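There are 2 protein chains.
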Amino acid sequence: MTQQPRAWAYLSRVVEPPCTELSALAARVGPVEAAERVRRGAVSARLGQRTEARRDIDCAAGDLDRIGRIGGRLLTPDDDEWPALSLTSFNGVDVRRLPDGVAPLALWVLGDTPVGEVAMRAAAIVGTRAATAYGEHVASDHSEGLAERDVAVVSGAAFGIDGAAHRAALAAEGCTVAVLAGGVDVPYPAGHSALLHRIQRTGLVVSEYPPGVRPARHRFLVRNRLVAALSGTTVVVEAGLRSGAANTAAWARALGRVVCAVPGPVTSSASAGCHVLLRQGAELVTRAEEIVEIIGRAGEFADEPARPSSLLDTLTDTGRRVYEALPARGARSADELSIESGLPVAQLQGQLALLEVAGLVVQHDGRWRLPKPAKST
Amino acid sequence: MTQQPRAWAYLSRVVEPPCTELSALAARVGPVEAAERVRRGAVSARLGQRTEARRDIDCAAGDLDRIGRIGGRLLTPDDDEWPALSLTSFNGVDVRRLPDGVAPLALWVLGDTPVGEVAMRAAAIVGTRAATAYGEHVASDHSEGLAERDVAVVSGAAFGIDGAAHRAALAAEGCTVAVLAGGVDVPYPAGHSALLHRIQRTGLVVSEYPPGVRPARHRFLVRNRLVAALSGTTVVVEAGLRSGAANTAAWARALGRVVCAVPGPVTSSASAGCHVLLRQGAELVTRAEEIVEIIGRAGEFADEPARPSSLLDTLTDTGRRVYEALPARGARSADELSIESGLPVAQLQGQLALLEVAGLVVQHDGRWRLPKPAKST
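Taken in sequence, the protein lines are chains S and X. Numbered according to the numbering used here, the first sequence spans residues 41 to 417. Numbered according to the numbering used here, the second sequence spans residues 41 to 417.
No wet-lab data here; the hints were simulated from the structure. Remember, it's a predicted structure, so these values are computed and weren't measured experimentally. It cannot be assumed that every hint is accurate.
Computed footprint of chain S on chain X; a stretch qualifies when at least three of its residues, placed anywhere within it, have a C-beta under 8 Å from a C-beta of chain S [unchecked claim]:
id: 1; stretch: 170-179
id: 2; stretch: 303-310
id: 3; stretch: 384-395
Built from N, CA and C at the ideal position, the CB exists for glycine as well.
All chains should be modelled from the sequences, with the hints used to inform the complete structure.
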């Protein structure tokens, strides 16, 4: 049965990822047959072109030996712990529509945690290498909060925001995942070698590139899609206007995930990219709870920030009548509230708008309810 | 013809604003007849109740004398410069649906600028009294930028954000409007007496309360609706969770205006209210141009922040094909782009999503175009 892993290892190196066509072929005919066809050149013209340069190179045995010697493994779609990054759809998004594919062919992994399990409950915390003290503080804070709530922190091991996110997750004894743009045995940046070693002890270091592959510029962009794909949401903490974090956010959005961004001073160029994302519809997050709410288990809502009880005091009599017409549980339509409060619907609408802005009611699909009470967890 | 102003002055004091019913009565039968009916108690039971306490008090002559002596005037719906705060609708919103009315009965004004003209092109800059240096800096910056673009800055003359906004507009020789919660001859806060005097020399000090009326707690909330109503948009610069600025924002929203908020550090409690507004859908603004774009003349768009030319370099070949399929002017549907680029629609969609996130294309009603080029103004 060593034939299968060797075939996957061969396929993993023979093409520069991503390559949907090769993944699809392996899924259809199995990795051994797929490898055989690639070797013989018995593939489509396009795939033939993409595999031509490397099809005669077979380092599979050496690669598997190398990953084994450093305590790692090659994870393939044949494994149970393969993450639910289906080739055809992911969270309801048909990823075959994405031109260059999303799912990796295979993953080279350091660390014992099952990748599939981690990806079920993970958030990416990413941002600029040129982070400010504020950005590093917030990245640490959010990462710590996620770790405390059993959410894995995925990032790219870069200096700045990425590093702060990984370190805080480690400090909180949470699981953190570093996705590299080169082989997992090529620590990058070199200054983060020690950090990457710490990550693999309790978390995961992951790459779709075989051992020994050096990170190249285009590989960072390809890698970013895996950061987004392995996470329920991508949170951009600080990003300049040309930060790679915007690329990760773009992938997250293309994959149908919620993109989050942390606001900062409008005077800080390190927050300018975040503000662009927020203006384009990214979710503004201020606390880890809000991130957990997005990726979290159903029913796990962030506590509202403590509200002054006197907010109710500022209501007009009419406002209070509308407010008090809402049931403790469940939602009501405007018509139902009109009957309950004795106010005409036209008058009700203005009041509901005011109450909604004050955060005293929430609307969903045209029905109104009281905000969920804060949970005591 | 002194009968009319005296009738308006009487009406302005006889009821505690806002009072839609009295405004409607004055509009229907004229101010003189309305005043007469109120005096005789020949009004609806509700209006009778609301005017009972003051209907025998007539300080109209004294009030008009007092405002005249300090160089001010009483502005009424009979005047040409009455702002377009129609009783029945405003920017398409039927304000009669708002329970307590929006349009003031009359306005007591210091300053020579026509109120109606100012309200045509004005933005409210509001925020907490407990402003940080960051908040005051941004308020000044935005206010200066608005003044330079001939946009009047409306605020409430409070300490903190309001004061910074007024001062910066004055320094930039722009028009600024202070809306008070008491008589225009009762400078409040007292520490802003000198500021208010400077404002009235080149801008406007406005109130719906007759001379001598002291600001009371509930009057600040009532006043906030005028700040919102006189402005094309309301910008909250800094606000704690229980700041009055949230009330102004609520009014703006109820009036169908865009609410803007300035982000700040998530670690700053002075920005917490802004972040709540942003999470509820307020527009994130970082520069005055973005505010002007919202209230501005058609075609006046904010320049995009300088984008690195190398963003295009990060495109895949497919991405570039889609990008290059877009015409220099005008928009295209996905089907048209598919024909132009030779790519299947399914593949196109993912690319367009990526290009959109990168800000390289914009979508409107399912049609795609290049972003408007920066204007050289």
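Hints, one by one, checked against the model:
| no. | hint | verdict |
| --- | --- | --- |
| 1 | 170-179 | holds (count 3) |
| 2 | 303-310 | holds (count 5) |
| 3 | 384-395 | holds (count 7) |
Checked against the numbered hints given earlier, this structure breaks none of them.
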